[in-house]
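A.B. asks: Full structure from sequences and hints, please.
Number of protein chains: 2
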Amino acid sequence: MEIVLATGNPGKVREIEEILKPYGLDLVSLAHLPQVDSPSETGKTFEENARIKADFYAHHFQKPALADDSGLEVEYLGGGPGIYSSRFAGPEATDEERNKKLLTLLKGVPFSQRRAAFICVAILVTPEGEELKTEGRLEGYIATRPAGDQGFGYDPVFFLPEYDKTTAGLGKQKNKISHRYRAFKAMGELLSRQGY
Amino acid sequence: MEIVLATGNPGKVREIEEILKPYGLDLVSLAHLPQVDSPSETGKTFEENARIKADFYAHHFQKPALADDSGLEVEYLGGGPGIYSSRFAGPEATDEERNKKLLTLLKGVPFSQRRAAFICVAILVTPEGEELKTEGRLEGYIATRPAGDQGFGYDPVFFLPEYDKTTAGLGKQKNKISHRYRAFKAMGELLSRQGY
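Keeping their order, the protein sequence lines are chains A and B. Under my numbering, read the first sequence as residues 13 to 208, first letter to last. Under my numbering, read the second sequence as residues 13 to 208, first letter to last.
I should point out that these hints are in silico values taken from the structure, not numbers from a laboratory. Hints are supplied without guarantee of correctness; some may be wrong.
Claimed, not checked - Heads up, simulated BS3-like pairs for lysine-lysine below, C-alpha to C-alpha not over 25 Å straight-line: (1) A:LYS113 with B:LYS177; (2) B:LYS177 with B:LYS113; (3) B:LYS177 with A:LYS112; (4) B:LYS56 with A:LYS145.
C.D. replies: Next comes the structure, spelled out in C-alpha cells:
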C-alpha cells in the first residue's frame with residue numbers, strides 16, 4: 013500500500029528513504045503529489061507535532077501518511093529547546109547562531125551537567141484514523157565548542173563521548189545511530205510486520 | 013457531589029479552596045482521605061501530568077478528582093524549564109538556587125528577549141473517565157535580579173511591567189491574576205455550569 017512520506021525537506025526524505033529501504037515499502041514523497049499548504053505545528057510535544065502532520069496528509073490524500081518531529085533536549089535548560097529547536101534563536105536565525113546561543117548559555121557549565129538528547133518521534137496515521145508510533149533517542153553532551161563539518165543543525169555541538177566526536181564529525185556512521193535512524197528503523201519493522 | 017482536590021501541598025490546597033469558594037463545591041483534600049502513594053508524573057506536558065494525577069485519584073477513590081500541574085516557560089530557553097520547573101537546578105535545590113541559575117542563564121540578555129509565562133493546567137477526571145480541562149497563563153519577563161519577599165518559587169524573578177513589580181512583590185493581588193487563579197476560576201465556572 014502506498015504511504016505518503018509527509019516531509020517537505022528533501023534531505024530528510026533521502027535520509028528516511030535510505031533507512032526504510034530494507035523494508036520494501038511503497039513510499040511517495042510530497043514532491044510527487046499535488047501541492048498543498050502544510051499544517052501549523054501547534055503541538056506541545058514532538059509526538060503532537062508529528063501526529064498533526066501525519067493526520068493532515070492522511071486525510072488530505074486519503075492514504076496512510078508517515079511524519080516525524082524531532083529536536084534537541086538539553087537537561088541544563090529544563091528540556092529546552094525541545095519543540096522550539098528550529099527557532100531557538102529567532103525564526104530567521106542560522107544553525108550557527110543557534111549553536112552559538114546554546115554554547116553561550118552553557119558557558120562554564122561542567123561536563124556532568126551538559127547532558128542532552130536528540131529525539132525523533134515518527135507517526136503513521138491512516139485515513140481511517142489508525143496510528144503507529146515509534147521514538148528514537150540519541151544521548152550525548154553539549155560540547156564546549158563546535159567541531160566536525162558534516163551533519164547539520166545542532167550536530168557540531170552534540171558530543172558523543174563513546175566516539176570522542178560530535179555528530180558532525182561522525183560522517184556516515186551518524187546515520188546508523190541517529191535518533192531519526194532509530195525511530196524510522198523501528199517504524200520500518202512495525203510496518204513490515206503489519207503487512208505494508 | 014464530593015470532589016477530591018488532588019494535591020498534597022497544603023499551601024496549594026488553601027489557595028485553590030480560596031479561589032473555588034464562590035462556586036460552593038464540595039471539596040475534600042487528600043489530607044482528609046486514607047493515605048495513598050502519589051503517582052509518578054511521567055508526562056511530557058503540564059496537561060499530561062495533571063491528567064495522570066486526576067486520573068489516578070479519581071480511580072483510586074471512585075470520586076471526581078481535580079488536579080493541576082504548573083510551571084514557568086522561558087522563551088529564551090526554548091520553553092524550559094517547563095515541566096522541569098521544580099527540579100531545574102537538581103532535585104534537592106532550593107527556590108533561591110533555581111532563581112540564581114535562571115538569572116545566570118539570562119545574564120546580559122536584553123529585556124525584549126526575557127519573555128516568560130507562568131502556566132497552570134487544571135483537570136478534573138471522573139471515575140467514568142469524563143474529563144474537564146482549563147488553563148491559566150500569566151505573561152511576564154524574567155527580571156535581572158530577584159525582588160519582592162512574598163510568593164514562592166520563581167516569583168522573585170518573574171516581573172510584570174504593568175505593575176512594575178515581580179509576582180513576589182504583588183502581595184495578595186497576585187492571587188487575583190495568577191496562572192493558578194485563572195485556571196481554577198475557569199474550572200469553578202465550568203463545574204458550577206455542570207451542576208457540581
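A.B. asks: Each of the hints needs a verdict: does it hold here or not?
C.D. replies: Hints and how they fare:
no.: 1; hint: A:LYS113 with B:LYS177; in the structure: 29 Å, violated
no.: 2; hint: B:LYS177 with B:LYS113; in the structure: 20 Å, holds
no.: 3; hint: B:LYS177 with A:LYS112; in the structure: 32 Å, violated
no.: 4; hint: B:LYS56 with A:LYS145; in the structure: 16 Å, holds
Violated hints, in rising order: 1 and 3; the structure is consistent with all others.
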